[in-house]
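> Now for the letters of each chain:
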Amino acid sequence: MKKYISYIAFVTLGFVACEPEFENSIEDGDVYTSGEADLSNFVAVGNSLTAGYADGALYITGQENSYPNILSGQFALAGGGEFTQPLMEDNLGGLLLQGQQIAENRFVLAFEDATTPLGPVRLEGQPSTEVGTTLSGSFNNVGVPGAKSFHLVAPGYGNVAGVPTGTANPYYARFASSPDATVLGDAAAQDPSFFTLWIGNNDILGYATSGGDGEDQTGNPDATTYGTNDITDPTLFAGVYSQMVNTLTANGAGGVLVNLPDVTSIPFFTTVPVNAIPLDGATADFLNQNFGLYNTQILPGLVQFGIISAEEAEDRQVFFNEGQNFVTIQDESLTDISAILQGPPFNLDPVTAATLGQVRQATSADLIPLSAAGILGTLVNNDPTLVNGVSVPLSDENVLTEDEQEEIAVAQASYNATIQGLAEANGLGFVDARAILQQVANGGVTSNGTTITSQFVAGGGFSLDGVHPTPRGYALIANLIIDEINATYNSNLPGVDIGNYPTVQVTNN
Amino acid sequence: MMKKVLLSTIILLATATVFAGGYRVSTQGQRALAMGHTGVAVVNNAELAFFNPAGLVYLENKLNVAVGANAVFSDVVWQNEAFGQSAQTDSPVGTPLYLYASYQVTDWLTAGVAVYTPYGSSVEWEDDWAGSHLVNNIELAAIFIQPLVSLKLSDYFSIGGGPIYVTGSVNFNRNLNRTLTDLDGNRSNVTIDASGVNAWGWSGSFMFNPFDGFRLGVNYRSEIILDAEDGDADFENIPNSPATPFADTTFDASLPLPAEFTVGASYEYDKWLFSFDYNRAFWDVYNSLDIDFADESIPDSENVRNYKNSNTFRFGLQYQALDKLTLRAGYYFDESPVQAGFFAPETPRNDSNGYTGGLTFNVTDHIAIDAAFLYLRFEEIDASYDFYVENGQQVPFEGTYKSSAFIPGLGVSFNF
Numbered sequence: 001m002k003k004y005i006s007y008i009a010f011v012t013l014g015f016v017a018c019e020p021e022f023e024n025s026i027e028d029g030d031v032y033t034s035g036e037a038d039l040s041n042f043v044a045v046g047n048s049l050t051a052g053y054a055d056g057a058l059y060i061t062g063q064e065n066s067y068p069n070i071l072s073g074q075f076a077l078a079g080g081g082e083f084t085q086p087l088m089e090d091n092l093g094g095l096l097l098q099g100q101q102i103a104e105n106r107f108v109l110a111f112e113d114a115t116t117p118l119g120p121v122r123l124e125g126q127p128s129t130e131v132g133t134t135l136s137g138s139f140n141n142v143g144v145p146g147a148k149s150f151h152l153v154a155p156g157y158g159n160v161a162g163v164p165t166g167t168a169n170p171y172y173a174r175f176a177s178s179p180d181a182t183v184l185g186d187a188a189a190q191d192p193s194f195f196t197l198w199i200g201n202n203d204i205l206g207y208a209t210s211g212g213d214g215e216d217q218t219g220n221p222d223a224t225t226y227g228t229n230d231i232t233d234p235t236l237f238a239g240v241y242s243q244m245v246n247t248l249t250a251n252g253a254g255g256v257l258v259n260l261p262d263v264t265s266i267p268f269f270t271t272v273p274v275n276a277i278p279l280d281g282a283t284a285d286f287l288n289q290n291f292g293l294y295n296t297q298i299l300p301g302l303v304q305f306g307i308i309s310a311e312e313a314e315d316r317q318v319f320f321n322e323g324q325n326f327v328t329i330q331d332e333s334l335t336d337i338s339a340i341l342q343g344p345p346f347n348l349d350p351v352t353a354a355t356l357g358q359v360r361q362a363t364s365a366d367l368i369p370l371s372a373a374g375i376l377g378t379l380v381n382n383d384p385t386l387v388n389g390v391s392v393p394l395s396d397e398n399v400l401t402e403d404e405q406e407e408i409a410v411a412q413a414s415y416n417a418t419i420q421g422l423a424e425a426n427g428l429g430f431v432d433a434r435a436i437l438q439q440v441a442n443g444g445v446t447s448n449g450t451t452i453t454s455q456f457v458a459g460g461g462f463s464l465d466g467v468h469p470t471p472r473g474y475a476l477i478a479n480l481i482i483d484e485i486n487a488t489y490n491s492n493l494p495g496v497d498i499g500n501y502p503t504v505q506v507t508n509n
Numbered sequence: 001m002m003k004k005v006l007l008s009t010i011i012l013l014a015t016a017t018v019f020a021g022g023y024r025v026s027t028q029g030q031r032a033l034a035m036g037h038t039g040v041a042v043v044n045n046a047e048l049a050f051f052n053p054a055g056l057v058y059l060e061n062k063l064n065v066a067v068g069a070n071a072v073f074s075d076v077v078w079q080n081e082a083f084g085q086s087a088q089t090d091s092p093v094g095t096p097l098y099l100y101a102s103y104q105v106t107d108w109l110t111a112g113v114a115v116y117t118p119y120g121s122s123v124e125w126e127d128d129w130a131g132s133h134l135v136n137n138i139e140l141a142a143i144f145i146q147p148l149v150s151l152k153l154s155d156y157f158s159i160g161g162g163p164i165y166v167t168g169s170v171n172f173n174r175n176l177n178r179t180l181t182d183l184d185g186n187r188s189n190v191t192i193d194a195s196g197v198n199a200w201g202w203s204g205s206f207m208f209n210p211f212d213g214f215r216l217g218v219n220y221r222s223e224i225i226l227d228a229e230d231g232d233a234d235f236e237n238i239p240n241s242p243a244t245p246f247a248d249t250t251f252d253a254s255l256p257l258p259a260e261f262t263v264g265a266s267y268e269y270d271k272w273l274f275s276f277d278y279n280r281a282f283w284d285v286y287n288s289l290d291i292d293f294a295d296e297s298i299p300d301s302e303n304v305r306n307y308k309n310s311n312t313f314r315f316g317l318q319y320q321a322l323d324k325l326t327l328r329a330g331y332y333f334d335e336s337p338v339q340a341g342f343f344a345p346e347t348p349r350n351d352s353n354g355y356t357g358g359l360t361f362n363v364t365d366h367i368a369i370d371a372a373f374l375y376l377r378f379e380e381i382d383a384s385y386d387f388y389v390e391n392g393q394q395v396p397f398e399g400t401y402k403s404s405a406f407i408p409g410l411g412v413s414f415n416f
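These protein sequence lines map, in sequence, to chains A and B.
Sequence positions in the first sequence follow UniProt numbering and run 1 to 509.
Sequence positions in the second sequence follow UniProt numbering and run 1 to 416.
Excised from the complex, chain A in its bound form (with noise of 0.2 Å):
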């Protein structure tokens, strides 16, 4: 009797020990191969959209949605090792810099009942990120929030000493190897064997979500003399880039290199239409009398006087319709005409000559930024004549201007010229997340069945900074990255299910 008991256990042993298994096994390794690319250890360079930075803060759960991140999730699948990230300390993504935040929380999308979206909100809370707290080893994710081209190869730029100045960045400060050292040190320092480098965004950005509120620094390639929103030089650009890449390949790592996008595909500058002005015909027609002075004498006068050309006047004239109205803007490309306006024959008084100064009425061709949103339309010192956007024109920084953004685009035309020359000199891959917003912006991107398009809140695709992408759209970023090294690498890598990445979170304080 106990003969047979103790077959039976065995043969249970056995049958225990047989757990079921595919004939291709993921986890076994037999479906996918890395190709001639050696993921062992990735290092990812850039600024705030490689950090995983979202909802105009950076905090845990958007670095571990990062698109490095999840690019070393598949990655693990053929050969890939771990991935570290310089995580902040929680996910209210305010920095502290001695005990005193520098750094706002993240956005959340607040509602005022079921169905009604209040729109973003910061979250409420103490952040506990200090920045002199400098965290120890390296960090395969090097993404610097607000980093520019030449930060990356710029000593001191992770002193802490110099955050409070500017000269340094309180997020590279947080894992800066040293005072002194470099972003693009630190990365090499590693001894990457592949990387991804997606730098050059805040070299256009910072002065297009300033409205142009800076210099176009083309023909200058001396950064120090360069304010926070100037466009770089793209000499400059070219230089500081190849460095990178040169420095990047010196050991044989292979790598995507990423272009830049427009800042006409992002929330930040498609949300607020630039006719947001909705007035009803007796209110059009007050204005147009107010106005009527302004249009049929001054501008006359100015052009009679040689002061303003013809086609100035025509530009600056300002005219309401009952319906939706293009906002007022200050444009300082126009001939300021405030202290003329205050002498004879007109003798404004100086409130009104500034207001008239350099004004002229929004066309289809400008952008409000998304900053804006909080502005149009509300009233100056309550009194209900003066209507910002409407009798009081937005100022510079409040819009983007079709000059303006000429400047952009031609240093960014320039930027990715550089950035796909070099990838194709150097065999690299290249991947034109330009060209991928455009159409998320314009009518949207489907993969598996989840459709993300550039719609604020709603889309999907960006965060609630209206600037950067959702974990949604940071997987879509990273599979285009994933179809470019299984091009240029022969390899069989796959891309993410993006559907089961979020979007924005809703959270009342």
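Simulated from the structure, these hints should not be mistaken for laboratory data.
Each statement offered as a hint is correct.
Chain B is faced by these chain A residues, among others (derived, beta-carbon under 10 Å):
#, residue
1, Pro20
2, Phe22
3, Ser25
4, Val31
5, Thr61
6, Ala76
7, Ala78
8, Glu112
9, Asp113
10, Ala114
11, Leu123
12, Thr450
13, Leu493
14, Pro494
15, Gly499
16, Val506
Between beta-carbon pairs, the in silico distance windows are:
#, chain 1, residue 1, chain 2, residue 2, range
17, A, Gly29, B, Gln393, 31 to 41 Å
18, B, Gln394, A, Asn509, 28 to 38 Å
19, A, Thr446, B, Gln339, 20 to 30 Å
20, B, Gln394, A, Ser177, 46 to 56 Å
21, B, Gln394, A, Glu64, 26 to 36 Å
22, B, Pro299, A, Phe319, 43 to 53 Å
23, B, Ala247, A, Val121, 19 to 29 Å
24, A, Val121, B, Asp295, 21 to 31 Å
Residues from chain B that keep clear of chain A, each with C-beta distances beyond 10 Å, as calculated:
#, residue
25, Val197
26, Leu216
27, Glu260
28, Leu317
Note that beta-carbon positions come from the ideal geometry of N, C-alpha and C, so glycine has one too.
Following the hints, position chain B against chain A.
Below, chain B alone, put in the same frame as chain A:
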């Protein structure tokens, strides 16, 4: 007191990993199981109380008891090559059990009682795995308790049957959708839990013995619907927002335990016995698993199942090797009730082949040990569940599944 302890022990133990079509668990007797779970036309021991109560009256002894339990070792692996995802279940070992007794009151009347667990499921995927919006884990248990009567109308023909009292429980956890989390990235999920869900049903059968050594049997067990009312629904990791109004509440849901019709035959010759059973399980009653939350601000959960009726073909062989030793073997083909496009990971079952074996050792004239095993073999299958809906859009959950189950069991038979 004793009865209460016994009942609660049964309730605790009677969870079984699903391993037959749907959540049917075919382990209602070691002797039958060893012969491919055939038994509607086999007069062997008290297992007849389940397989064909009409046959109880033909048992030779006055008192017959059979008691036993099985251990279910079951695993499912899943992978999706398009996205490089993989997962496997880590399900607890299920222990379905049975207790049958019959007593010959007169020459033509036998009374009996049966306690058994023909339905159950226990599937545990890794939390937050790729299919977590469909299921993280599920545990389903149902105990059938049945008084029986068996009437001999002649030496050729008998009938039997009785009412069935069922007490069941269910515990089910899944994530609310594919992406919703709280502020810290913890996935929003719901657990529904109901126990002490009671219902009634019945079974009836007949046995026909036209000539020596040959028997025919027919058994029918009715459909039983478990209506869970006011179960607990526990929502976790919900963001603080009026847009996500998921507060803990109660729920109503119905889970059908389908009817099963069996017809079979056996033929005994010398030391050999051959048996054949055909089961028809009426799974088409399982249209949809609908969870109706009491809180009206929480949308009800509709999970389309659309099962179809399914067949099982069973073959068994018995050989009287020694006076004290009987050997058995069997095979069956078990058709899955799950239709293409409805393959949900909470019951990830395709067609399977069951290989069985076992033996009985007569310790004395009155006590016998029954042992059996079942190995269930499933083919690798590419399948999808297409009826998960998010934002008004169907989001299929696809992948390759492979399952296996090994189920050994031990039992004891008494007769006096």
